[in-house]
Amino acid sequence: MPKESTGGTAWALFAGFAVLLGVASLAIPVILANLSGKWSGDSSQGFFMPGGTAEAQNITNPYHLQALEYGGKYAIVREAMAKADLDAISQHSQFQAALAGAERLTVFRSEAWTVIFAGNSTLKEALGMMRLKPIGDEFAKTEPLGFSTIKPSDIPGLTITKLVGDNLPYIVIAAFLVGAIYMLVRPSFPMGGGEDGEDEEGEGV
Amino acid sequence: MGAPMRLTENQYLMAALCFLLIPIAVYLGAFVPGYSFAAFIPLALSALLARLLKAKPIKSLCYLALGFASYWIAGTALYAPLGSEWRMLSFIPFLGLACANAIAALVTYNDGEVAGTLFAGASLVAVLLTKGPLDSGGIDRFLITGLLFALASVIFVKFTAWARGAGYASYNALKASIVAGLIYGLIYVLRVFDISVLDISKPGQAIAVVSPIFANAWWATAVTGFFAISVILVLYELGLYILGLQRVVAEDYVALVRIGETADLEKKDPYVALVAKLEDFFERFATYDVTRAAKLLWELEQEYYSLASKGTGSPVKANAGRMLVEARGMLLGTKLEALPVAMPAPKEAARGGAGATRRMEPIDVPDGTVVLVEGPIGSRKEGFCLDLLKKRLDKGEKAMVVSFEPEKEGEYVGDDENLRLVKVEQNINDMALSISRALEEKPKIVFFNILYWLAPNYSVTTLSGFLASTLKKLKASKSAAIFVVEQEMLSPQMLSTLESVFDGVIEFATPEDGGKAKSKYRVKEFKFRKFDAEWRDYW
Numbered sequence: 001m002p003k004e005s006t007g008g009t010a011w012a013l014f015a016g017f018a019v020l021l022g023v024a025s026l027a028i029p030v031i032l033a034n035l036s037g038k039w040s041g042d043s044s045q046g047f048f049m050p051g052g053t054a055e056a057q058n059i060t061n062p063y064h065l066q067a068l069e070y071g072g073k074y075a076i077v078r079e080a081m082a083k084a085d086l087d088a089i090s091q092h093s094q095f096q097a098a099l100a101g102a103e104r105l106t107v108f109r110s111e112a113w114t115v116i117f118a119g120n121s122t123l124k125e126a127l128g129m130m131r132l133k134p135i136g137d138e139f140a141k142t143e144p145l146g147f148s149t150i151k152p153s154d155i156p157g158l159t160i161t162k163l164v165g166d167n168l169p170y171i172v173i174a175a176f177l178v179g180a181i182y183m184l185v186r187p188s189f190p191m192g193g194g195e196d197g198e199d200e201e202g203e204g205v
Numbered sequence: 001m002g003a004p005m006r007l008t009e010n011q012y013l014m015a016a017l018c019f020l021l022i023p024i025a026v027y028l029g030a031f032v033p034g035y036s037f038a039a040f041i042p043l044a045l046s047a048l049l050a051r052l053l054k055a056k057p058i059k060s061l062c063y064l065a066l067g068f069a070s071y072w073i074a075g076t077a078l079y080a081p082l083g084s085e086w087r088m089l090s091f092i093p094f095l096g097l098a099c100a101n102a103i104a105a106l107v108t109y110n111d112g113e114v115a116g117t118l119f120a121g122a123s124l125v126a127v128l129l130t131k132g133p134l135d136s137g138g139i140d141r142f143l144i145t146g147l148l149f150a151l152a153s154v155i156f157v158k159f160t161a162w163a164r165g166a167g168y169a170s171y172n173a174l175k176a177s178i179v180a181g182l183i184y185g186l187i188y189v190l191r192v193f194d195i196s197v198l199d200i201s202k203p204g205q206a207i208a209v210v211s212p213i214f215a216n217a218w219w220a221t222a223v224t225g226f227f228a229i230s231v232i233l234v235l236y237e238l239g240l241y242i243l244g245l246q247r248v249v250a251e252d253y254v255a256l257v258r259i260g261e262t263a264d265l266e267k268k269d270p271y272v273a274l275v276a277k278l279e280d281f282f283e284r285f286a287t288y289d290v291t292r293a294a295k296l297l298w299e300l301e302q303e304y305y306s307l308a309s310k311g312t313g314s315p316v317k318a319n320a321g322r323m324l325v326e327a328r329g330m331l332l333g334t335k336l337e338a339l340p341v342a343m344p345a346p347k348e349a350a351r352g353g354a355g356a357t358r359r360m361e362p363i364d365v366p367d368g369t370v371v372l373v374e375g376p377i378g379s380r381k382e383g384f385c386l387d388l389l390k391k392r393l394d395k396g397e398k399a400m401v402v403s404f405e406p407e408k409e410g411e412y413v414g415d416d417e418n419l420r421l422v423k424v425e426q427n428i429n430d431m432a433l434s435i436s437r438a439l440e441e442k443p444k445i446v447f448f449n450i451l452y453w454l455a456p457n458y459s460v461t462t463l464s465g466f467l468a469s470t471l472k473k474l475k476a477s478k479s480a481a482i483f484v485v486e487q488e489m490l491s492p493q494m495l496s497t498l499e500s501v502f503d504g505v506i507e508f509a510t511p512e513d514g515g516k517a518k519s520k521y522r523v524k525e526f527k528f529r530k531f532d533a534e535w536r537d538y539w
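For the record, the sequence lines run as chains A and B.
Quick note on the numbering used here: the first sequence kicks off at 1 and runs consecutively.
Quick note on the numbering used here: the second sequence kicks off at 1 and runs consecutively.
These aren't lab readings, by the way, just hints derived from the structure by calculation.
Only a predicted model underlies this, so the values are computations on that prediction, with no experimental measurement involved.
Taking lysine-lysine pairs in the DSS-like style, the calculated list, with each CA pair at most 25 angstroms apart, reads: (1) B:LYS475 - B:LYS442; (2) B:LYS391 - B:LYS473; (3) B:LYS473 - B:LYS444; (4) B:LYS473 - B:LYS442; (5) B:LYS202 - A:LYS133; (6) B:LYS398 - B:LYS478; (7) A:LYS151 - B:LYS202; (8) B:LYS475 - B:LYS390; (9) A:LYS162 - B:LYS202; (10) B:LYS202 - A:LYS141; (11) B:LYS442 - B:LYS527.
Generate coordinates for the entire structure from the input sequences, incorporating the hints supplied.
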């Protein structure tokens with residue numbers, strides 16, 4: 001094998017410069033290519049959401065509503081309605097009745113606007129309710145005009161929180177029983193156990 | 001190469017570099033919104049250099065800080081204020097999250113699972129501070145979704161750990177992305193639909209409402225995760241190649257060695273030496289006689305089992321196991337045609353000698369009975385078992401061989417349309433599944449040549465459980481079954497425990513008779529049946 005020749009410092013610098021130049025010549029076209037411009041697009045669009053941003057908005061807000069904080073409650077209104085519009089109709093006695101209503105969901109409907117007040121709710125709950133079909137349907141109705149209420153049994157109906165809250169003792173007992181049974185039968189699991197010294201063949205090994 | 005090596009050994013310099021790259025990343029992530037993704041580059045560089053840090057506290061702190069910074073940038077991009085949830089479905093924040101997960105995978109790939117877990121664990125603090133996509137409906141839900149988020153990050157680490165090449169790692173990353181995507185999907189559903197409000201009285205409608213969010217989060221995670229991790233690991237491998245390095249993964253460390261230099265590893269890894277011996281065994285196999293080959297293989301197997309029983313881990317352990325299976329298959333093919341090997345025999349057989357044996361009707365295994373055939377290497381147990389299969393095949397009955405290399409047994413038995421060869425992998429769970437599927441064909445007799453690998457690799461409890469479950473399946477299909485095992489490979493206690501699981505035990509021995517080894521067998525035990533325990537000749 002022939003001995004490799006070793007150049008002087010000048011040659012090393014020259015070679016280093018050549019490498020840098022070569023790499024830079026590759027980087028420059030990439031930098032000048034305006035990739036961000038070329039790659040720009042609707043970042044919501046994809047196989048599962050061909051409609052892009054508009055579809056994302058439809059999925060997360062199917063009835064195009066919004067929740068505005070008003071008078072200590074959240075007012076669920078159309079996206080087109082501004083707070084000033086609420087102020088404008090706030091003098092209506094039926095509006096005041098709806099706002100003061102003790103029920104969780106009260107409705108005020110005029111010929112121009114529909115407002116649903118969500119009392120005793122957080123913003124997240126109000127936003128969650130505005131995605132429910134019965135709430136969306138309220139905005140498609142034209143009557144009754146004035147003040148009305150929505151039964152709590154209609155909206156939201158049965159929820160996970162309610163299901164868990166109403167059956168908590170049973171859930172705790174069931175969880176305990178499942179845990180106890182698992183502990184009892186675990187030693188007889190044919191492939192379970194995971195005892196020391198066992199060789200579990202890992203992925204990609 | 002000398003100067004750079006000296007630089008990387010300078011711990012002060014490395015620590016300074018690792019930690020100084022973090023504020024650069026934080027600055028880019030926090031104050032240069034248009035280029036916040038560029039922050040992942042210094043973070044990835046720092047993650048690469050951190051493996052050079054020798055002080056564990058400093059290294060751990062570095063990984064925690066890097067993990068925090070990475071997931072902080074990702075969490076900030078994922079955050080969408082209440083009322084603007086549609087922003088959460090944008091692809092870009094998922095790409096940011098994928099970059100953070102890709103660095104977690106890189107850390108794992110570069111410095112092992114512990115380092116990766118530290119990095120990914122920091123995501124919990126980062127996401128709790130940035131809120132990310134967490135459920136803001138209540139403090140308990142907030143914390144639970146935070147934990148789920150961190151769990152998803154750890155999944156990437158767990159799936160990437162121990163992958164030996166970028167190809168495997170990318171494939172595992174795809175699997176990790178799919179699994180983590182399910183978790184992210186759940187987090188997104190909880191974030192967008194409040195569980196106090198979502199009506200589940202009509203489950204179909206509820207699923208229809210939440211599924212678009214879930215599917216999008218899942219899909220976006222799968223695509224971005226796979227893409228980002230594949231790219232970063234391929235670049236890493238390319239970098240190693242340029243530096244003339246090779247990555248070797250062991251159970252508790254990842255080593256980078258010069259390509260072709262494995263001497264140091266051999267010192268650390270006894271399996272490497274075993275693999276070398278096995279390679280030598282294959283090379284010289286044709287020159288060995290059967291006795292010599294059987295003895296050598298027995299020694300190699302003992303070495304393997306001794307290492308396995310000590311819990312010694314190694315990246316080439318699985319290789320060694322597969323090579324042993326192959327070697328055994330080669331030997332089996334030869335042994336079946338050759339004379340038995342002289343091995344120490346049980347006292348009774350030796351004392352009784354040839355005079356104690358008689359020519360008798362050969363043993364058969366009744367339907368629904370499961371028998372263990374045990375004996376020393378070279379006693380022609382396998383030939384005996386396969387002869388039993390042949391008899392059934394001659395009667396036109398279905399027979400099955402379950403083995404790691406069933407084609408070897410198949411060669412001995414010969415072509416028969418009623419013979420089914422079932423190849424199983426070296427994994428007890430996969431094996432159980434393959435056996436269940438195979439037994440659906442209701443064979444009349446099944447020969448299992450799997451215990452020689454299972455016995456040393458699993459505890460008695462696990463093995464007994466596996467056998468009990470397999471025996472149950474065999475009895476349900478009313479099949480006769482024969483398992484074969486080498487006595488020398490098991491401790492007397494383990495052998496005794498195994499024997500107790502079976503309906504019957506047939507024992508083989510090869511006592512010397514006039515300077516020539518003879519293969520003999522007897523029924524050692526048969527539950528609830530009368531049996532003749534006399535030794536018989538097997539030719």
